[in-house]
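Hey, can you work out the whole structure from these sequences and the hints?
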Amino acid sequence: MVERSLVSVVDDDESVRESLPDLLREFGYEAKAFSSAEEFLASEYIDQTKCLILDIAMRGMSGPDLQRELRRLRHQIPIVFITAHADESTRPRLLEHGAVECLSKPFSDAALLNALNSAFHVS
Amino acid sequence: MGGPTVHPADEIIRLRRCINDLVSVAALPAVWSGGNPSQIASTLPDVLLSMLDLDLVYVQLKDPIRDTPVEIVRVAQSRKLAVRPHEIAELLRQRLGPEVQQWAPLVWNPFGDGDISIVPFRLGLQDEVGIIVAGSQRPDFPEQTESLLLTVVANQAAIGLHEARLLGEQKRLTNELDQRVALRTKELRAAVDELQLRLSMLQTIPVAAWTVAPDGTPDMVNQSWFDYTGQTPEYVSSDPEAWMSTLHPEDRERASRVYWNGIRSGRGFTMEARFLRAQDKTYRWHLNRAVALRGPEGKILRFVGTSTDIEDLKQSQEDLQRAEEKTRLIIDTALDAVIATDSRGTITTWNKQAEIVFGWNYNEVIGEHMPDLIIPERHRMAHERGLRHFLNTGDGPILRRRIETTAVRRSGDEFPVELEVVPMKVGDEWAFSAFIRDVTEAKLAEKKLRESELALRQLTETIPEMLWSATPDGAIDYCNVRLLEYTGFSASEIIGSGWTRLLHPDDADQAARVWVSCVATGKPYRVEVRTFHASDRTYRWCVTSALPLLDQQGRILKWHGTVVDLHDWRLAQEELRTTQAKLAHMTRVMALGALTASIAHEVNQPLSGIITNSSTCLRMLSADPPNIDGARETVRRTLRDGNRASEVITRLRALFSKKDLATESVDLNEAAREVMALSSNRLQRDHVIIRTEFANGLPLVKGDRVQLQQVIQNFLQNALDAMSDVEDRPRQLLIRTERDKHDHVRLIVQDAGIGFGSQNPDRLFEAFYTTKNYGMGIGLSVSRSIIESHHGRIWADPNDGPGATFSFSVPQDPEGVTNVRGFDAPRTPCRNGVARNP
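These protein sequence lines map, in sequence, to chains X and U.
Position 27, counted from 1, in the first sequence is what our numbering calls 27; the numbers after and before it change by one each time, with no gaps.
Position 441, counted from 1, in the second sequence is what our numbering calls 441; the numbers after and before it change by one each time, with no gaps.
Keep in mind the hints are simulated off the structure, nothing from the lab.
Ideal placement from N, C-alpha and C gives every residue a C-beta, glycine not left out.
It is possible that part of the hints are untrue.
Derived DMTMM-like pairs (lysine to aspartate or glutamate); straight-line CA-CA distance at most 25 Å [stated by the list, open to error]:
(1) U:K448 - U:D473
(2) U:K443 - U:E420
(3) X:K32 - X:E88
(4) X:K32 - U:E633
(5) U:K62 - U:E163
(6) X:K32 - U:D629
Partner residues aside, some chain X positions facing chain U, computed with beta carbon under 8 Å [what the hints assert, rightly or not]:
(7) S15
(8) V16
(9) E18
(10) S19
(11) L23
(12) E26
(13) E30
(14) K32
(15) R68
(16) A84
(17) H85
(18) E88
(19) P106
(20) S108
(21) D109
Here it is as structure tokens:
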């Protein structure tokens, strides 16, 4: 059996945590869902995670906070931000800070796949 | 000789007689020795008559002192003379002329017929002594012997007279000397007597008098001094300064200084000092004066002085001075300028006030001509005429009463004065006192008062307000022009009780009743009445009000009232109410922007789930073999999220639909939850710890759900704003519902924010009042409108600790069923532990 790359989802919205891992598995990735940044940091999956799908606005530590924390801990995980706040100024700033992509909810499966391909450098 | 023959015996006798006579004559000087010329002159003719046969002898002796000579005439006793001897002397002088030498030898016989022979003999060499004339009727006269004898007699007489004259001169000199000595002696005696008199005068004059030696030692001191001071001569002479013991101790040093200065300088002195009067042991003021008495060479011999008791004088002088000072003070402190003049207008009195008013000092004006200084030039002639008229007739129409006129200051400025001139007869002269008051200020004040009255009148007539006044009994006595113009009535129609005809018939009776009651009680009058408006012949709503003007005892003096047209204001108010409602809607629209973000979030979350689930579902169904179980699960989640989105949309539609107060039964717990759900994003972002205390079995309230939610939303929004800057404590928020008294339900929102400080909580609900740096201050105002339209109450309280509590209370719905659902409310977006019941 081929070893599948782990994509971790961190979002405080339950419906995202329920739906997104199933789709990722359909794409062929291993998927784990976490309800907060703290939970993800405390988990054993940081090192295995090859890509992070991260909600921006969360109670407690926010998405960008987690991004900074991971950089501090020297984890080079590609990050795809997702957000329900459609703010046009947010995306360029996040890309500038090293994000692979920033997707506004709701987003299509194609958009998500493109973002993942970018993260895994699949042309 | 040629006469008749003479008998020789006779001749002898005749010769013998002649010799005897010569002897007698020769003895004459001895006889005359010591006699005076007049004695000689008187004896000489007697001797000649006794010796010779003569009829007359005339002797003339020149007096060396007097011009008129001494004349003696002797006539022989035997002759009967018809004339007196001095007539004979006169006749001789007339007939014979002044020159004796040229006398004829014969002259007529003064005693009878024929002539008489006369022979003159000079006495002395140049007849400087006098002459002797001998006369005889005998034709032979003079015989030889007679001539001889006469010559000898003349010589002898000349000698005797000369001697007698010398002797007389001597005697006269001696006499004169004696007389002079006697006179001088008499004079000296008188002088001594005078001196004695003077000395005794000095001793007894009623003034202490004294002399002092040039070295200052008392020399002579008179009795008056001793009597006055009780000192003795021995005491005074015992020491130069002994006399000073009579001085008052306070005066002693000064007096001693003046005394010795005067003595040593030689100038003498004048000083006043108190002396002890021995008689009654009192000190009395004395004037002491001393002057130097100098000898011919200017050397000081003595000082002469007196000491005069001037106590009484001084006393009366002081009394006089005090009286004068008092008068002067009274005049000087008088409010009026006081000027006195004599009848010619010469200034004699000029008080301080006069100095102030006119600008001339006392010293400058005394003796000056008053009209030249203070009467304007154009009035001076009239003044002089009036003065002359008064002096001539005693008639002075402007005297003794206050008149207003114009005066002139030193600067030349003219100014109004009130003047009263009072004439006084001093002796035979008239004098005048003028009392002058500068009324410039008073005139100005009067003018100002007039202007202010005018201004007030203008004000009452021109201000765009309707004014009226009434007497204490309620009768209208004044209406300003505005009021007349507005109503179109004339003053006479309104004055008194006619005012009710200005009012709408439906309002007049009520207004009149209120007015009567106010007039009786003194309470302020205020009614809203429809008042006739002339220009469009309509009645317009006006507020008529009046306040009583009270005196110090609280009695009504007057009523002052206004009429204010509120018609437009009333309309405007209604318009305002409409505007406010619109504004409330606008506020909700404005909140839309803020809500959009959370709406988007709330809707995007389930949409995101739907799309992801659908994508997954498609992929699961497309797989070979299809993952039917997985697809079923994704569809189930899709449906759930779709419902969730639908719920959000429904609530949003309700929130933003503009509709009039929709009365329905509202569960405040439910409404609050929904609001919290809509705000959850903000709550989350601001890290607010929200706590709810929703009462179980809370009654439903009657009202518009969305409007009430808007109030809750506003409370919540304010609470979050108040806490946005709070970093030092938890951002805690409590939302509580509970039953309130009087069948009301209450909702409170308590924050831990910055509170509203010392602000009056009631002001927070005023429109456009805000303590925030942003926002329009309209939210709470709209909230109040909403709660009031629900017949409820809204208020704010400061917390005991930090923050504030906002509350509203609305009536419960009497028909509403009790909310028993409690916490079984439909699921809300309040997740993530943001909202939890305790």
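Going back to the hint list, which numbers does this structure go against? Hint check: 1, 3, 13, 14, 15, 18 fail, others pass.
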